[in-house]
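Use the sequences and the hints to build the structure in full.
Okay, here's what each chain looks like letter by letter:
Protein chains: 4
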Amino acid sequence: MLNTLIVGASGYAGAELAAYLNRHPHMNIAALAVSAQSADAGKRLSDLHPQLKGIVDLPLQPMGDDVSELAKTVDVVFLATAHEVSHDLAPEFLAAGCVVFDLSGAYRVNQPEFYSRYYGFEHQHGDWLAKAVYGLAEWQGEALKHAQLIAVPGCYPTASQLALKPLVDGGLLNAEQWPVINAVSGVSGAGRKASLGSSFCEVSLQPYGIFTHRHQPEIAAHLGIPVIFTPHLGNFARGILATITCRLKTGVTAEDVAECYHNAYQDKPLVRLYDKGVPALKAVVGLPFCDIGFAVQGEHLIVVAAEDNLLKGAAAQAVQCANIRFGFSQTLALL
Amino acid sequence: MLNTLIVGASGYAGAELAAYLNRHPHMNIAALAVSAQSADAGKRLSDLHPQLKGIVDLPLQPMGDDVSELAKTVDVVFLATAHEVSHDLAPEFLAAGCVVFDLSGAYRVNQPEFYSRYYGFEHQHGDWLAKAVYGLAEWQGEALKHAQLIAVPGCYPTASQLALKPLVDGGLLNAEQWPVINAVSGVSGAGRKASLGSSFCEVSLQPYGIFTHRHQPEIAAHLGIPVIFTPHLGNFARGILATITCRLKTGVTAEDVAECYHNAYQDKPLVRLYDKGVPALKAVVGLPFCDIGFAVQGEHLIVVAAEDNLLKGAAAQAVQCANIRFGFSQTLALL
Amino acid sequence: MLNTLIVGASGYAGAELAAYLNRHPHMNIAALAVSAQSADAGKRLSDLHPQLKGIVDLPLQPMGDDVSELAKTVDVVFLATAHEVSHDLAPEFLAAGCVVFDLSGAYRVNQPEFYSRYYGFEHQHGDWLAKAVYGLAEWQGEALKHAQLIAVPGCYPTASQLALKPLVDGGLLNAEQWPVINAVSGVSGAGRKASLGSSFCEVSLQPYGIFTHRHQPEIAAHLGIPVIFTPHLGNFARGILATITCRLKTGVTAEDVAECYHNAYQDKPLVRLYDKGVPALKAVVGLPFCDIGFAVQGEHLIVVAAEDNLLKGAAAQAVQCANIRFGFSQTLALL
Amino acid sequence: MLNTLIVGASGYAGAELAAYLNRHPHMNIAALAVSAQSADAGKRLSDLHPQLKGIVDLPLQPMGDDVSELAKTVDVVFLATAHEVSHDLAPEFLAAGCVVFDLSGAYRVNQPEFYSRYYGFEHQHGDWLAKAVYGLAEWQGEALKHAQLIAVPGCYPTASQLALKPLVDGGLLNAEQWPVINAVSGVSGAGRKASLGSSFCEVSLQPYGIFTHRHQPEIAAHLGIPVIFTPHLGNFARGILATITCRLKTGVTAEDVAECYHNAYQDKPLVRLYDKGVPALKAVVGLPFCDIGFAVQGEHLIVVAAEDNLLKGAAAQAVQCANIRFGFSQTLALL
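Protein chains in written order, with full-length UniProt numbering: chain W, 1 to 335; chain D, 1 to 335; chain X, 1 to 335; chain G, 1 to 335.
Since the hints were derived computationally from the structure, they do not count as laboratory data. From a predicted model like this one, the values you see are computed outputs, not experimental measurements. A hint or two may mislead.
The list cannot tell twin chains apart, which means a pair is met if one copy fits it or any two copies do.
As the list claims (entries may be wrong) - In silico SDA-like cross-links for lysine to any residue, where the CA-CA straight-line distance does not exceed 20 Å:
1. Lys-43 <-> Lys-193
2. Lys-193 <-> Asn-235
3. Lys-43 <-> Leu-173
4. Lys-249 <-> Ala-71
5. Lys-131 <-> Ala-221
6. Lys-131 <-> Pro-112
7. Lys-249 <-> Glu-176
8. Lys-276 <-> Tyr-265
9. Lys-249 <-> Val-168
10. Lys-131 <-> Pro-50
11. Lys-249 <-> Ala-175
12. Lys-249 <-> Phe-211
13. Lys-145 <-> Ser-329
14. Lys-131 <-> Gly-141
15. Lys-268 <-> His-123
16. Lys-268 <-> Gln-51
17. Lys-72 <-> Ala-95
18. Lys-249 <-> Pro-226
19. Lys-249 <-> Val-227
20. Lys-249 <-> Gln-177
Following this line, the structure appears as structure tokens:
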């Protein structure tokens, strides 16, 4: 039984992580932690997330700057924390020998200037950045088995890359035309906090961060091609639906696309391919899957990928990575 | 043309007021004001409420402590402000001769201890409290015509009283049994502000303030009978639906109830009575009406009242009161 | 391993049943059936409910009038069918020795005239009606262990009775005043079908069936006291929240109420009692619990009960009853 | 005062038309009509659309095959009917001298094979098809003034063309790359009818009609360029938001785009241009505007257009066209 610690369990992804780990047969929630400054410190997780009442009633322990004692008591750490917090905390837990799954963006892109440019801070841990394995689980199976630091990709990059990576790697796309990713995310993607923009009466479908969202360079960096990425806020709590418009190379057929996806995902239990049609958001909300469907007309290809942003886009993928890392069945505790 | 000032126009009710006044043929928006400390000071109203773009683009003027100069420039003031702010501001505008419509609770109940008990402050303006006319428009027509300070009732009290007052005044209810008011309000009732409780992912149907909500004593005080009042937050932006369960006096029939309502509201254009059935929320959202329907079985009576909390429960009723006060048609600018 | 059949799996409760049974260690889905006339016959369950893709892809078998062959192949039958269909089918499966869990209203009230009066048909199976056990799981534990026909109560009656039964049985309520049950249900309660009233643009909060809903007499019959029951349609897919206003006997305190609930439910894993506060709908959606909280002021008691109408109000309670019936842990496959 | 007839007033767009015409100073609702076979025949409009209670209580007259008598009594006809119905009815009213505003697709594209290919019927009225003026109001001002048959474009084409037409006509777009239109529509776009796909529990964000929606060729035909059009169903009742990704010609700047829009719409009161940022859906719901904003990065341009699908995408544009046709102010009765 692996002792696990969730830091940042007060948030939506943290609560989902706690629910998964609570039913995991080989992992145990040793502790839940939040920043010592958090107003939630000392509360029970179920005080914040009432659906967990009677399921995970553990207290949220205030965590100070020195985590060395805490680190000794756990084998595995999930960081569901802000980018800067993860940046600082990960090396401390790693130094103590913990295996760390970071759900923030702090270790996702191994490029010198990425963090100063898109995250507004200078990265201080280039060594760990270089060693971190990007936890896009379907594509990093081998690397994950030996990783100590796993940078779990977030919601938009997971859906976008799972949809595009087979096509890019398979050489099916016309390089002249950038894929156009239009994605709509539920409000939980903005985190659990008081915010006018996330308040019930203010939310309505709208694009944001056009040409400036930091997930664009993350997606482009990992795919190796440029993309146009336009995120939208949707009037729903959970889920992401990405509609991706691509240009195929001349001569590439719908059958080629289908075969390409089949080869990539036939043995991947958390990617569900659609033989016909494309997914609706409701197919994935509350579930750990990424669903993918597509349509072709001439050289035009439209791929639709849907996932629960808090699950395959966060907590479920983190647990999936942990399952792979420790040799368990990939879907353990997830289905 | 009456020059009007809206204080607190940044909020949801304030924006609705601005939209109504903008199309009023005899009232003119002289200025929109917010607290000098507000982060919204200096912005245009349409920056905050994009639906008003091109309709009301006036700036939100920062308003300091001394409002005497401002008061000289306007005839009519609408206070869409917090209770304490209205409490302080109203007398200043009144002293300058303005007619004041206060949408807060600061002048609604003429009882010595009401404010210390339910609002947490000592009322300093007992003279104005005594002179204020309670703006339940259908019932205060005559008094409104000569009022200088009108305390416009809010959402729950308006729906509850419009439903119950004819029955109480008509002596139709069994005094042994308190009416049970179950009401569900949209999230806009909590105001326009960053708040975890109002955030999209946190909102779901739930009761709050059971036995402790300050609208219970307001309703009871004005009706002259005790009531049980249980407010709920609903997962919608706008509207209130109140389901009220009463006991009729022995012998009172459905026809008696219908006649009672008919007598009370036959010439009141903003109360719509249902001959059969009861209203759904959608009947009133975006409209200035309070809709009322009922059903009787034996001595049991269930009345359902629905209104838009920001309109008949706030802005529309304020304009309705102003229309009555200044001798215009009651529904001017509202329909 | 028990072989189970779900009849009516195409509906929302049926799909939830399938998901539970799919992960049950001691029950196996032998077949899914729908009426031979159904347009869904022959489709896979996951064609109708895409969230089940890859989880339950079994076909919906068309079921004719003669079910004797089918009945021989299964041990347990769940009827998620219309009242009349259950009325006819249950005896056939019972005759073949199956244990039948009926989620319809067809066997819930053992009274001669109940069905002609409230359901519009004459009940033909008075013998089975008399033998049926009402599956309010927390209260029928012993009877369930030997039942062959279990009439699983639906959403409103489950929430209402779980909230009221301890108080009634404990003699805490003032008999002069009928409890007032105001309940709001999600749209899934209306079933999976094309219907103008259930269409997205038509749904808004509204009462329906005032004084005439058939769940009122069901609740009253099983509790043994009259109640006023006012159901509402809410603008959400799943869940029920019931706000119940009662009068306590003189001298009964909040502590008495708390103790009463504690005694009733302390060892019942699917009822969660709130020490303070009352439940919000979000606490139970997607979960098999009924959550109960209350507040007292003088002789007035307000109890709030929340559950997922498709789970504790349907599928989860059916599985809970089955678990009790066959000696498994009550919560097996549910948590 | 022009006597007007609305055929198909039972639908959502028809009801909005009725509300606008009811407050129009120069147009009068002479009659509301529905098919003689309609279950709504004989009901009052406000029985179907309760928000209109006390506002438009006129009955829905059953209309048979011979409309010649009816046609004599009215000057103006609005057809809010199915395509085939409009196809048949329009010539009859036109023959009687009425001015006809058709909100269906029956007269929108003057191409021989368009209707057999995309609408499934052979067009029988090529003469009227040739004479019909396409009612994209901002662009057809002069032609509208003398038209007898106006084919009012629907929701997707209106938003898409208002966004793209200035760019296309101005020659700003790179012809090599097709504009990618991703649009999300509210459920009211599917019409007022019982339908499983429109039912509350079934709706969630999802694309539909990929590469096959009939609005793609309509948009392409009127713009004169090919486009990729991917419509989505959104989980909201009203509104359309279109996110359009284009490639600019080399050298075209953001300033050029801004100037192009400015020139096109500076004197068009129902198109609101955003100096910065892009519209959210909430800016337009319930209002007759189309809001347009954009962002440029290098040669990439993203334009966002938002409108209420029932208003600028249907009823408001029809009234706007009528206002232009009869020489009234464009926004009369609309603001």
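Check each numbered hint against the structure and report the violated ones by number, ascending. 3, 4, 10 and 15
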